[in-house]
Amino acid sequence: MAYKLDGAKFETLEDLVEALYPLYSDKMSEEEFKKYCEENAEKT
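So for the sequence shown, the working numbering puts the first residue at 1422; every next one is plus one.
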């Protein structure tokens, strides 16, 4: 299953977090961002 967030698609949730977390690092911790991704990423 792939994950899509902010128009970007990734094979795994871990790949998504690793790639996009730097864009969100000033807004939330990595753990908070991972939870955000789990709740908001579109599963394709």
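In case anyone wonders, no lab produced these hints; they're calculated from the structure.
Treat the hints with caution; some may be incorrect.
[What the hints assert, rightly or not] The calculated lysine to aspartate or glutamate pairs, modelled on EDC-like cross-linking and capped at a C-alpha distance of 20 Å, are: (1) Lys1456 to Glu1432; (2) Lys1448 to Glu1435; (3) Lys1464 to Asp1447; (4) Lys1425 to Glu1459; (5) Lys1456 to Glu1439; (6) Lys1430 to Glu1459; (7) Lys1456 to Asp1427; (8) Lys1455 to Glu1439; (9) Lys1430 to Glu1451; (10) Lys1425 to Glu1453; (11) Lys1455 to Glu1432; (12) Lys1448 to Glu1432; (13) Lys1456 to Asp1436; (14) Lys1464 to Asp1436; (15) Lys1464 to Glu1432; (16) Lys1425 to Glu1463; (17) Lys1430 to Glu1463; (18) Lys1464 to Asp1427; (19) Lys1456 to Glu1435; (20) Lys1464 to Glu1453; (21) Lys1448 to Glu1460; (22) Lys1425 to Glu1439; (23) Lys1425 to Glu1460; (24) Lys1455 to Glu1435; (25) Lys1425 to Glu1452; (26) Lys1464 to Glu1435; (27) Lys1430 to Glu1460; (28) Lys1425 to Asp1436; (29) Lys1448 to Glu1459.
[Said to hold, decoys possible] Derived DEER-like restraints, expressed as beta-carbon distance ranges: (30) Asp1447 to Met1422: 16 to 22 Å; (31) Lys1425 to Glu1451: 26 to 32 Å; (32) Ala1423 to Tyr1445: 26 to 32 Å; (33) Lys1425 to Lys1448: 25 to 31 Å; (34) Ala1423 to Leu1444: 28 to 34 Å; (35) Gly1428 to Lys1448: 14 to 20 Å; (36) Lys1425 to Met1449: 17 to 23 Å; (37) Tyr1442 to Lys1464: 25 to 31 Å.
Positions of the beta carbon are idealized from the N, C-alpha and C atoms, including for glycine.
Each hint, compared with the structure:
1. Lys1456 to Glu1432: This hinted pair holds, its Cα atoms lying about 17 Å apart.
2. Lys1448 to Glu1435: Holds - the C-alpha atoms of Glu1435 and Lys1448 are around 19 Å apart, at most 20 Å.
3. Lys1464 to Asp1447: The hint is violated at about 25 Å.
4. Lys1425 to Glu1459: Within the cut-off at roughly 11 Å; holds.
5. Lys1456 to Glu1439: Status holds; Cα separation ~13 Å.
6. Lys1430 to Glu1459: holds, 14 Å
7. Lys1456 to Asp1427: Roughly 15 Å separates the two Cα atoms, so the pair holds.
8. Lys1455 to Glu1439: Since the Cα atoms of Lys1455 and Glu1439 sit roughly 9 Å apart, the hinted pair holds (cutoff 20 Å).
9. Lys1430 to Glu1451: Holds. Lys1430 to Glu1451 sits at ~19 Å (cutoff 20 Å).
10. Lys1425 to Glu1453: Within the cut-off at roughly 17 Å; holds.
11. Lys1455 to Glu1432: holds, 15 Å
12. Lys1448 to Glu1432: It is violated: about 24 Å lies between the C-alpha atoms, which goes past 20 Å.
13. Lys1456 to Asp1436: holds, 14 Å
14. Lys1464 to Asp1436: This hinted pair holds, its Cα atoms lying about 14 Å apart.
15. Lys1464 to Glu1432: Within the cut-off at roughly 10 Å; holds.
16. Lys1425 to Glu1463: holds, 5 Å
17. Lys1430 to Glu1463: Holds - the C-alpha atoms of Glu1463 and Lys1430 are around 9 Å apart, at most 20 Å.
18. Lys1464 to Asp1427: Answer holds: Lys1464 to Asp1427 is near 13 Å, not above 20 Å.
19. Lys1456 to Glu1435: holds, 11 Å
20. Lys1464 to Glu1453: Satisfied, since the Cα-Cα distance of roughly 19 Å is no more than 20 Å.
21. Lys1448 to Glu1460: holds, 17 Å
22. Lys1425 to Glu1439: Judged against 20 Å, a Cα distance of about 13 Å means the pair holds.
23. Lys1425 to Glu1460: holds, 12 Å
24. Lys1455 to Glu1435: holds, 8 Å
25. Lys1425 to Glu1452: holds, 18 Å
26. Lys1464 to Glu1435: Holds: Lys1464 and Glu1435 sit about 13 Å apart, inside 20 Å.
27. Lys1430 to Glu1460: It holds: about 15 Å lies between the C-alpha atoms, which stays within 20 Å.
28. Lys1425 to Asp1436: Distance ~11 Å between Lys1425 and Asp1436 Cα, so the pair holds.
29. Lys1448 to Glu1459: holds, 17 Å
30. Asp1447 to Met1422: 16 to 22 Å: Because 29 Å falls outside the window, the suggested range is violated.
31. Lys1425 to Glu1451: 26 to 32 Å: Between Lys1425 and Glu1451, where Cβ atoms are some 20 Å apart, the hint is violated.
32. Ala1423 to Tyr1445: 26 to 32 Å: Check failed, 20 Å falls outside 26 to 32 Å.
33. Lys1425 to Lys1448: 25 to 31 Å: violated, 20 Å
34. Ala1423 to Leu1444: 28 to 34 Å: violated, 19 Å
35. Gly1428 to Lys1448: 14 to 20 Å: Check passed, 18 Å falls within 14 to 20 Å.
36. Lys1425 to Met1449: 17 to 23 Å: holds, 19 Å
37. Tyr1442 to Lys1464: 25 to 31 Å: violated, 19 Å
The structure fails to meet hints 3, 12, 30, 31, 32, 33, 34, 37 from the earlier list, while all remaining hints are met.
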